[in-house]
Amino acid sequence: GIQVEQSPPDLILQEGANSTLRCNFSDSVNNLQWFHQNPWGQLINLFYIPSGTKQNGRLSATTVATERYSLLYISSSQTTDSGVYFCAPGEGTYKYIFGTGTRLKVLA
Amino acid sequence: ETGVTQSPTHLIKTRGQQVTLRCSSQSGHNTVSWYQQALGQGPQFIFQYYREEENGRGNFPPRFSGLQFPNYSSELNVNALELDDSALYLCASSRGTSGRFGTDTQYFGPGTRLTVL
Chain A
18 GIQVEQSPPD
28 LILQEGANST
38 LRCNFSDSVN
48 NLQWFHQNPW
58 GQLINLFYIP
68 SGTKQNGRLS
78 ATTVATERYS
88 LLYISSSQTT
98 DSGVYFCAPG
108 EGTYKYIFGT
118 GTRLKVLA
Chain B
36 ETGVTQSPTH
46 LIKTRGQQVT
56 LRCSSQSGHN
66 TVSWYQQALG
76 QGPQFIFQYY
86 REEENGRGNF
96 PPRFSGLQFP
106 NYSSELNVNA
116 LELDDSALYL
126 CASSRGTSGR
136 FGTDTQYFGP
146 GTRLTVL
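Here the protein sequences line up with chains A and B, keeping their order. With my numbering applied, the first sequence closes on residue 125, and no number is skipped along the way. With my numbering applied, the second sequence closes on residue 152, and no number is skipped along the way.
Worth flagging that the hints you see were computed from the coordinates, not collected in a lab. One or more hints might be untrue.
[Stated by the list, open to error] With a cut-off of at most 20 Å between alpha-carbon atoms, the simulated SDA-like pairs for lysine to any residue come out as follows:
(1) B/K48 to B/Y142
(2) A/K122 to B/G75
(3) A/K122 to B/R92
(4) A/K122 to B/L74
(5) A/K71 to B/Y142
(6) A/K71 to B/T140
(7) A/K71 to B/D139
[What the hints assert, rightly or not] Examples of chain B residues lying across from chain A (beta carbon under 10 Å, computed):
(8) S42
(9) P43
(10) L46
(11) G63
(12) S68
(13) G75
(14) Y85
(15) N90
(16) G91
(17) F99
(18) A127
(19) D139
(20) T140
(21) F143
(22) P145
Bear in mind the structure is a predicted one, so any value in this text is a computation, not a measurement. Here a beta-carbon is modelled for each residue, glycine too, at the ideal position from N, C-alpha and C.
Work out the full structure, taking the sequences as your base and the hints as a guide.
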């Protein structure tokens, strides 16, 4: 099955800072999602991005499927950005494989 | 709010017992996937239901079983509970089509936190 590696595992930022989270995956994929899990456990979709670049406010994501990686950019971070960020490439036709996540803490 | 609901929110059981968790999918979605998330880990795929049939399964034993109903809501049943079953159980709904069963954008419910003593 697909192996997913996310880096860095932990990240502490001062409010207002920018960051880049990386996701490497071991096989070609047709689907990929980025999620944010808040401290209460709710997983929120950020991007559905099998390839290319998308932007949504302060967040943007780029997937280079041919090189098997995806990046999530967070600009002007806020304390509400704290939580765990997961990358999940799709495997086959029915399931997503989650990485171990990047734990982000944004300090006021 | 994703429109996906789960019940109950928390549950405490003892080893050997059986448990049923419930999930209501988002309106217009016909596919439900279940995931188990242990503390400090990413969610792991248990299985997926598409139009009332199991569509695919992860590396979980047969004591993990499920159902999907005509309204596309779903249940996850776990028999003979073990201590390692303690986890957050998440369901996700999506819109699948024939030949491509629901790997499109998945919307997650808030989860059921199960503790096995």
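Do the hints match the structure? See the list:
1. B/K48 to B/Y142: Distance of about 27 Å is beyond 20 Å: violated.
2. A/K122 to B/G75: Holds, at roughly 15 Å.
3. A/K122 to B/R92: It is violated: about 34 Å lies between the C-alpha atoms, which goes past 20 Å.
4. A/K122 to B/L74: holds (18 Å)
5. A/K71 to B/Y142: holds (19 Å)
6. A/K71 to B/T140: holds (15 Å)
7. A/K71 to B/D139: holds (16 Å)
8. S42: Result: violated, 15 Å to nearest chain A Cβ.
9. P43: The hint is violated - B/P43 has no Cβ within 10 Å of chain A, the shortest such distance being about 14 Å.
10. L46: violated (14 Å)
11. G63: violated (16 Å)
12. S68: holds (7 Å)
13. G75: holds (8 Å)
14. Y85: holds (8 Å)
15. N90: holds (5 Å)
16. G91: holds (4 Å)
17. F99: Violated, because the Cβ-Cβ distance from B/F99 to chain A comes to roughly 14 Å (cut-off 10 Å).
18. A127: holds (8 Å)
19. D139: holds (7 Å)
20. T140: Holds. Min distance 4 Å.
21. F143: holds (4 Å)
22. P145: holds (5 Å)
In this structure, the earlier hints numbered 1, 3, 8, 9, 10, 11 and 17 are contradicted, and the remaining ones agree with it.
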